[in-house]
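Colleague: So the chains spell out like this:
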Amino acid sequence: MSANPEKVVTENVTTEAAMDSAMDTFHNRAHFWGRTTLWVLMVMCLLPPLYLSFVLDAHPGWGVIGGGLLGYAAFVGIMWVLEPITYYPTLGVAGTYLAFLTGNIANMCLPCSSAAQKAIGAESGSRKAEIAGVFGIAIASLVNICIIVLIILGGTYILSILPPSVEGAFNFILPAIFGAVLGQFAYKTPTYGVLAMAIGMGVFLSPIFGLIKIVVCVALTITLIMLIEKQKDKKSNS
Amino acid sequence: MGDVLQIANSAPFWIIAFIVVGIVMFQAIIFLRIAKKSAPDVGMTQNEVKTAIRTGFISSIGPSFAIAIVLVSLIALLGSPLTLMRIGIIGSAATESGAATIGADAFGTELGGDDFSAQALAAVVWTMCLGGMGWLLFTALFTKRLGKTQKKIEKTNPKAMTVISSAAMLGAFGYLASEQMISSVNHTIAGAIALAAMVIIMIIADKQKIAWLKEWALGISMALGMTIGYLTTMM
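Chains as they are written, first to last, in the working numbering: chain W, 57 to 294; chain X, 4 to 238.
Any given hint might turn out to be false.
[Stated by the list, open to error] Okay, the calculated beta carbon distance ranges per label pair:
hint	chain 1	residue 1	chain 2	residue 2	range
1	W	Leu-102	X	Leu-216	45 to 53 Å
2	X	Ile-22	W	Ser-262	42 to 50 Å
3	X	Thr-159	W	Arg-91	23 to 31 Å
4	W	Leu-112	X	Lys-154	33 to 41 Å
5	W	Ile-214	X	Gln-49	32 to 40 Å
6	W	Asp-113	X	Thr-159	30 to 38 Å
7	X	Trp-215	W	Ile-268	38 to 46 Å
8	W	Ala-74	X	Gln-49	12 to 20 Å
9	X	Gly-46	W	Ser-262	40 to 48 Å
10	W	Ile-214	X	Trp-215	48 to 56 Å
11	W	Ser-262	X	Gly-116	37 to 45 Å
12	W	Thr-279	X	Ala-199	35 to 43 Å
Hints in this document: simulated from the structure, not taken from any laboratory.
Glycine included, C-beta positions come from ideal geometry on N, C-alpha and C.
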């Protein structure tokens with residue numbers, strides 16, 4: 057993430073243009089398939105409630121459905137808009153389509169995406185990183201759905217043969233995932249890691265409305281790091 | 004409640020659930036293919052593609068099991084096929100249980116109560132399915148716009164996206180880690196151990212040039228963090 061202005065200048069102009077058009081092709085394909093799969097999935101999501109209401113004649117009434125939806129919107133509705141925007145800079149176009157269809161963005165998709173990027177040494181935000189991240193998330197999505205199907209079909213049996221200590225350890229998987237990912241980004245720029253953690257703590261303890269805390273945190277961190285990088289650029293240029 | 008679960012576990016719901024599973028798999032495979040096609044154009048070698056895939060595989064096993072462990076609590080409420088379909092796509096066990104409670108509330112009953120009728124189940128399913136659609140709808144409609152905004156930013160400042168991308172990641176995980184680590188001493192230890200393990204593994208992998216170690220970095224740090232976090236509860 058450190059400033060490297062020379063690199064941009066010396067990069068071959070023709071390959072740069074070729075790369076751009078290759079990425080455009082990739083994005084067009086991603087938009088097409090991403091949108092298609094999302095729309096088909098939305099239709100599928102309507103089938104179970106429609107089936108219950110109109111085939112099994114168990115319609116609860118539109119007032120009840122409206123009330124439920126309103127309650128849901130009050131519960132997490134703001135995240136419908138804020139989450140895709142917050143995670144877009146790290147997921148990219150294809151990553152967004154994948155992650156918001158399969159779910160588990162913070163606890164699976166993003167960690168797998170960044171792990172894949174770091175494993176091949178791609179600089180985050182670069183085109184190479186974007187493609188590497190897509191591999192990471194797509195494979196994670198496949199692994200996840202296979203394990204879920206396995207657990208559903210195998211039922212509680214598979215989980216009952218797990219010793220209780222394993223289940224106990226899984227209580228700590230979230231802090232472990234989040235700590236590890238933070239470490240992955242912080243090890244080359246420890247100051248930024250400490251800064252992000254400090255902002256995180258500060259925002260967490262502040263009286264901001266719970267759901268938007270993470271958004272505030274991301275916005276603050278981006279702004280501060282951009283400012284610091286700008287200062288660095290000025291210094292190296294003068 | 005028993006009759007309702009019988010309805011929820013009937014064949015039509017299984018069929019719909021497996022179509023949803025099919026869509027998730029189909030999308031993942033399609034994106035793997037188009038990414039593979041574009042990989043050489045961005046300077047990714049065949050080996051790097053394999054490395055990225057292996058890393059994704061290793062890193063996703065732990066989180067997937069964690070997700071599977073919590074979904075069991077939903078089976079008792081919704082039956083297997085609806086649980087499969089809701090957890091297989093966007094929406095965590097926490098959001099879905101919240102949605103189920105809200106739906107039952109709107110109908111004026113309680114989840115798993117004696118008076119939980121087929122209509123109550125319908126109210127719950129409507130709430131979960133319509134509510135979860137918010138994310139799908141937004142991404143389907145606005146990802147293109149987000150892509151255009153990114154291109155505009157890149158045009159005026161080619162370096163900006165690199166900085167924004169890792170800063171956004173740091174910001175999100177700085178918050179998520181804080182939120183988790185603050186909840187108990189054991190959580191703090193789990194997070195701190197995972198963070199330290201990651202830094203050490205990455206430094207060793209860089210210094211000794213052990214490429215495969217980076218593929219395992221997330222898996223190992225995660226396992227170490229959660230194991231040691233758990234062991235400290237025994238003391």
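Colleague: Please test the hint of 30 to 38 Å on the beta carbon pair from Asp-113 (chain W) and Thr-159 (chain X).
Modeller: At roughly 59 Å between Cβ atoms, Thr-159 (chain X) and Asp-113 (chain W) fall outside 30 to 38 Å, so the hint is violated.
Colleague: Quick check: does the Cβ-Cβ distance between Thr-279 (chain W) and Ala-199 (chain X) fall within 35 to 43 Å?
Modeller: 28 Å, violated
Colleague: Is it true that Ile-22 (chain X) and Ser-262 (chain W) lie within 42 to 50 Å of each other by Cβ?
Modeller: 44 Å, holds
Colleague: Could one say that the CB atoms of Ser-262 (chain W) and Gly-116 (chain X) fall in the range 37 to 45 Å?
Modeller: 39 Å, holds
Colleague: Take a look at whether the Cβ-Cβ distance between Trp-215 (chain X) and Ile-268 (chain W) falls inside 38 to 46 Å.
Modeller: 40 Å, holds
Colleague: Is 33 to 41 Å right for how far apart the beta carbons of Leu-112 (chain W) and Lys-154 (chain X) are?
Modeller: At 48 Å between Cβs, range violated.
Colleague: Falls inside 32 to 40 Å, the C-beta gap from Ile-214 (chain W) to Gln-49 (chain X)?
Modeller: Because 35 Å falls inside the window, the suggested range holds.
Colleague: Between Leu-102 (chain W) and Leu-216 (chain X), does the beta-carbon spacing fit 45 to 53 Å?
Modeller: 47 Å, holds
Colleague: Does the Cβ pair Gly-46 (chain X), Ser-262 (chain W) satisfy 40 to 48 Å?
Modeller: Given range 40 to 48 Å: holds, Cβ gap about 43 Å.
Colleague: Between Thr-159 (chain X) and Arg-91 (chain W), does the beta-carbon spacing fit 23 to 31 Å?
Modeller: Given a distance of about 27 Å, which is inside 23 to 31 Å, the answer is holds.
Colleague: Holds or violated: 12 to 20 Å for the Cβ distance of Ala-74 (chain W) and Gln-49 (chain X)?
Modeller: 19 Å, holds
Colleague: Do Ile-214 (chain W) and Trp-215 (chain X) keep their Cβ atoms within the hinted range of 48 to 56 Å?
Modeller: 29 Å, violated
The structure is inconsistent with the numbered hints 4, 6, 10 and 12, although it conforms to all the rest.
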